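Enquirer: Residue numbers (our numbering), protein chains in the order written: chain A, 6 to 119; chain B, 120 to 234.
Any given hint might turn out to be false.
[To be verified] Between beta-carbon pairs, the in silico distance windows are:
id, chain 1, residue 1, chain 2, residue 2, range
1, B, S185, A, E22, 46 to 54 angstroms
2, A, P119, B, G135, 45 to 53 angstroms
3, B, Q169, A, N72, 31 to 39 angstroms
4, B, M124, A, E22, 33 to 41 angstroms
5, B, P158, A, Y69, 40 to 48 angstroms
6, A, V83, B, E182, 21 to 29 angstroms
7, A, T12, B, S149, 34 to 42 angstroms
8, B, E191, A, M16, 28 to 36 angstroms
9, B, I173, A, R103, 27 to 35 angstroms
10, B, N126, A, G67, 48 to 56 angstroms
11, B, G204, A, K21, 40 to 48 angstroms
12, A, Q74, B, K163, 20 to 28 angstroms
13, A, Q74, B, G135, 45 to 53 angstroms
14, A, T65, B, E160, 43 to 51 angstroms
FYI, nobody ran anything at the bench for these hints, they're computed from the structure. Remember, it's a predicted structure, so these values are computed and weren't measured experimentally. Glycine included, each C-beta is placed from N, C-alpha and C at the ideal position.
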Amino acid sequence: AQKITQTQPGMFVQEKEAVTLDCTYDTSDPSYGLFWYKQPSSGEMIFLIYQGSYDQQNATEGRYSLNFQKARKSANLVISASQLGDSAMYFCAMRANRDDKIIFGKGTRLHILP
Amino acid sequence: NAGVMQNPRHLVRRRGQEARLRCSPMKGHSHVYWYRQLPEEGLKFMVYLQKENIIDESGMPKERFSAEFPKEGPSILRIQQVVRGDSAAYFCASSPPTGVANEQFFGPGTRLTVL
Numbered sequence: 006a007q008k009i010t011q012t013q014p015g016m017f018v019q020e021k022e023a024v025t026l027d028c029t030y031d032t033s034d035p036s037y038g039l040f041w042y043k044q045p046s047s048g049e050m051i052f053l054i055y056q057g058s059y060d061q062q063n064a065t066e067g068r069y070s071l072n073f074q075k076a077r078k079s080a081n082l083v084i085s086a087s088q089l090g091d092s093a094m095y096f097c098a099m100r101a102n103r104d105d106k107i108i109f110g111k112g113t114r115l116h117i118l119p
Numbered sequence: 120n121a122g123v124m125q126n127p128r129h130l131v132r133r134r135g136q137e138a139r140l141r142c143s144p145m146k147g148h149s150h151v152y153w154y155r156q157l158p159e160e161g162l163k164f165m166v167y168l169q170k171e172n173i174i175d176e177s178g179m180p181k182e183r184f185s186a187e188f189p190k191e192g193p194s195i196l197r198i199q200q201v202v203r204g205d206s207a208a209y210f211c212a213s214s215p216p217t218g219v220a221n222e223q224f225f226g227p228g229t230r231l232t233v234l
């Protein structure tokens, strides 16, 4: 069975600092994808970044990067130079490539302090 | 290019009533997924549909819940005889007919409140 674990229910970070949001996953599938989504207070789900299990390099999208450590089954999200607008709920998720459903973690609520 | 559309955005129902949630996928997308988010939880998969077919309904409750994606028109998630525990945000996502289903684009969600 697939599982996503996010151990940080909430985090407080000073503006302009870098943030690392933890995510570990469990799967027996050799081929899968990992995602991070942002959910602001308005409620929509905003796709941030994707990492394929066979990708050699860590994914990056602007200020977002995914620290992919396959042997540890870890897919932490790093946000550089945090901004007040980064305050939101962040979900780590995965999907086995043979499957159709995305499995989500319980999320981490990030608060950026001015 | 409009994204995934969901309506209504907010829906209030009394216990025992029916709730109908609509999802119009992105243009050119023929795969639709429904997810439910309970308060303070992550999203949980409910059902995956293609036009006129239910492909995977392993996450759907066995009773009161049904989904369809007709040849014409939006996908509908229907909840009969709603109970307070059905209060949640319901998200629809869509993906194109070819390529990896990694590319699931989410709608803004429908927030259902059962009084």
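Enquirer: Taking the earlier hints as the rules, which of them does this structure contradict?
Expert: 5, 6, 8, 9, 10 and 14
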